[in-house]
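Please take these sequences and the hints and turn them into a complete structure.
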Amino acid sequence: MFEFIPNTPEDQRKMLAEIGLKDVQELFDDIPKEILNKFKPTSLEPLSEFEAKQLLSTLAQDNANTDDYVSFLGGGIYDHYVPSSIPHLISRGEFLTCYTPYQAELSQGTLTWMFEFQTMICELTGMEVANSSMYDGGSALAEAMLMAKNITERKKFLVARSINPHYWDCLKTYAWGAGLELIDVPFTEDGRLDRAFVQKEVASLAGLIVQSPNFFGVIEDLTGLKDAIKEAFLMVSANPISLGILAPPGVFGADIVVGEGQPLGNFQNFGGPLLGLFATRMSYVRRMPGRMAGRTVDMDGKTGYVMALQTREQHIRREKATSNICTNQALMALVATIYLAMLGPHGLRRLAEINLQKAHYLAERISPLPGFTLRFSGPFFNEFVVQSRKKPARILKALREDGFLGGIDLAPYGVLDGNNLLIAVTEKRTRDEMDRFVKVLKRT
Amino acid sequence: MPYPKEYRYTKEHEWVKLEGNRARVGITDHAQHELGDVVYVELPKVGKKVKQMEELATVESVKAVSPIYAPISGEIIEANHELASKPELINQSPHEQGWIALIAVADAKELDTLLTAEQYEQHIGSH
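Those protein sequence lines, which keep their order, are chains A and B. With our numbering applied, the first sequence corresponds to residues 1 to 444, in that order. With our numbering applied, the second sequence corresponds to residues 1001 to 1127, in that order.
Any given hint could turn out to be false.
For each label pair, taking beta carbons as the anchor points, the in silico distance ranges come out as [as the list claims (entries may be wrong)]:
{"hint": "1", "chain 1": "A", "residue 1": "Lys-14", "chain 2": "B", "residue 2": "Gln-1092", "range": "58 to 66 Å"}
{"hint": "2", "chain 1": "B", "residue 1": "Gly-1036", "chain 2": "A", "residue 2": "His-166", "range": "43 to 51 Å"}
{"hint": "3", "chain 1": "B", "residue 1": "Asp-1112", "chain 2": "A", "residue 2": "Arg-281", "range": "44 to 52 Å"}
{"hint": "4", "chain 1": "A", "residue 1": "Pro-32", "chain 2": "B", "residue 2": "Lys-1063", "range": "47 to 55 Å"}
{"hint": "5", "chain 1": "A", "residue 1": "Asp-190", "chain 2": "B", "residue 2": "Lys-1063", "range": "51 to 59 Å"}
{"hint": "6", "chain 1": "B", "residue 1": "Gln-1092", "chain 2": "A", "residue 2": "Ala-247", "range": "42 to 50 Å"}
In silico BS3-like links for lysine-lysine, alpha-carbon gap of 27 Å or less [claimed, not checked]:
{"hint": "7", "chain 1": "A", "residue 1": "Lys-390", "chain 2": "A", "residue 2": "Lys-358"}
{"hint": "8", "chain 1": "B", "residue 1": "Lys-1048", "chain 2": "A", "residue 2": "Lys-230"}
{"hint": "9", "chain 1": "B", "residue 1": "Lys-1051", "chain 2": "A", "residue 2": "Lys-320"}
Just so you know, the hints here were simulated from the structure itself, not pulled from any lab data. Where a beta carbon is used, it is the ideal one built from N, C-alpha and C, also for glycine.
Rendered as structure tokens:
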């Protein structure tokens, strides 16, 4: 075996001398000792395959997972059922790649499903053109913001405070580099966007960013928003499962629709890899980030698929590319394509209905409990915020002891005052599980 | 295709034709030939001010997206909107119907810094 470290001890010595250090360890001096000690790497001796597997499975048992726990966790990543046909199909040699093909003529299978993926995302979002996916919902939203800035040539954005706080961080990072101004739009008592606030800030606006259902699970009223902001961009981040029953954002005049595609048949994967969805209007196709598969005919008139509009991408146009993302999340997008194809429009609608009904079943049983109230009065999809008298940390501990991952304690996000728990309910949750969940809440 | 004697040219393959105190701008026959079939032109906004050799527009062909530079400084007073639906005009008629923008000339002396038709032909001949 070759060494994986590409530099020799002599190279290392020279590099350290250049920056004035004696030892590589000094590079890690910034990490506080108490943290370093807590995460001491397991001392690894050379092991046989059998021993290595045993060691890894022992370590993995320290994780709580959704096979052993009943999960009510959401906040952007959800515990939906993944049909076993998905791992089977994506493991086929024709498909198994996490990357975008560059040689179109050799990749007709991959390009075909990418084209189908884009078509389905357009149908779901009510938009005219979609790319073949991005890294995740957060980066897709940030790319939407940059695209709006490029087209409108303005720098002021209104961002609903009710969007996923992680997406907020992502927007802030992008905005810093691009010199954009982000203004928080507060939410009202029903958990929805404060429209009066939006009205006051329309002047020289580049775009308005909303999420629906928002981080609190509340469905935003998108009616008339585009009219209110005029030529500024309306950007909507949507949960694709919710679009099985909700009107697509395109109907409300959205200029860009993005979303997190994990709910479409992808596992929760420790929080990633995820799947960014991105769709817009045809007139903006040349300003759209990411990759796109296109359908054409060859010289014999036969259908063929290609990577379209590559000339605006980084590997050809360098620093003047539309975006520095010129890839997609191929394997996760393939999962979403198979998932949507298997469900079909009626199946997706039914799935969305089951999510909605189950979430409302649980909310109706929690709200009469002493010490618990629903935080918002606005309509919700498969997720809602419960305000509690006791600290969420205590409640979640009690739930964990009974085999439940009880939801997300919203305290660290600083968006809401008081004790708040974000609870998600997918089609996987049974009535029995929810009734037992409520019993534990009663006890706490 | 001949290079009109009354035009001036840049080494980057743009042409400019003076019409009174305005200048019509496009890309040369040589440039369109090198680019191949033009599929899209991103036109400059009317009212925008450009300096000589600043980016004016972009031309997208099946091979590449190329920046087009302003051969002369001034304010854009018109863009060739026919190119939006017929980008192929750049291939078919690069020096006439395929013009890209009309500029209100800020300083006509800048023309002296550009190539004559003869010099431009020498420039592309030496490539």
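Discussion item. Please check whether Pro-32 of chain A and Lys-1063 of chain B have a Cβ separation lying inside 47 to 55 Å.
Written reply: holds, 54 Å
Worksheet entry | Gln-1092 of chain B versus Ala-247 of chain A beta-carbon gap, inside 42 to 50 Å or not | Roughly 45 Å apart at Cβ, these two residues keep to the hinted range, so it holds.
Worksheet item: Okay, Lys-14 of chain A versus Gln-1092 of chain B on CB: inside 58 to 66 Å?
Response: Holds: the Cβ-Cβ distance is about 60 Å, inside 58 to 66 Å.
Item to complete: Would you mind confirming whether the straight-line C-alpha gap from Lys-1051 of chain B to Lys-320 of chain A stays at or under 27 Å?
Response: Since the Cα atoms of Lys-1051 of chain B and Lys-320 of chain A sit roughly 19 Å apart, the hinted pair holds (cutoff 27 Å).
Worksheet item: Keeping to a limit of 27 Å between CA atoms, is the pair of Lys-390 of chain A and Lys-358 of chain A held or broken?
Response: holds, 25 Å
Item to complete: For the pair we were handed, Lys-1048 of chain B and Lys-230 of chain A, check the Cα-Cα distance against 27 Å.
Response: Since the Cα atoms of Lys-1048 of chain B and Lys-230 of chain A sit roughly 23 Å apart, the hinted pair holds (cutoff 27 Å).
Worksheet item: Between Gly-1036 of chain B and His-166 of chain A, does the C-beta distance stay in 43 to 51 Å?
Response: For His-166 of chain A against Gly-1036 of chain B, whose Cβ atoms are near 44 Å apart, the range 43 to 51 Å holds.
Worksheet entry | Whether the CB-CB distance between Asp-190 of chain A and Lys-1063 of chain B falls inside 51 to 59 Å | Given a distance of about 54 Å, which is inside 51 to 59 Å, the answer is holds.
Fill in: Arg-281 of chain A and Asp-1112 of chain B - C-beta distance against the hinted 44 to 52 Å
holds, 45 Å
This entry satisfies every hint, going by the numbered hints stated previously.
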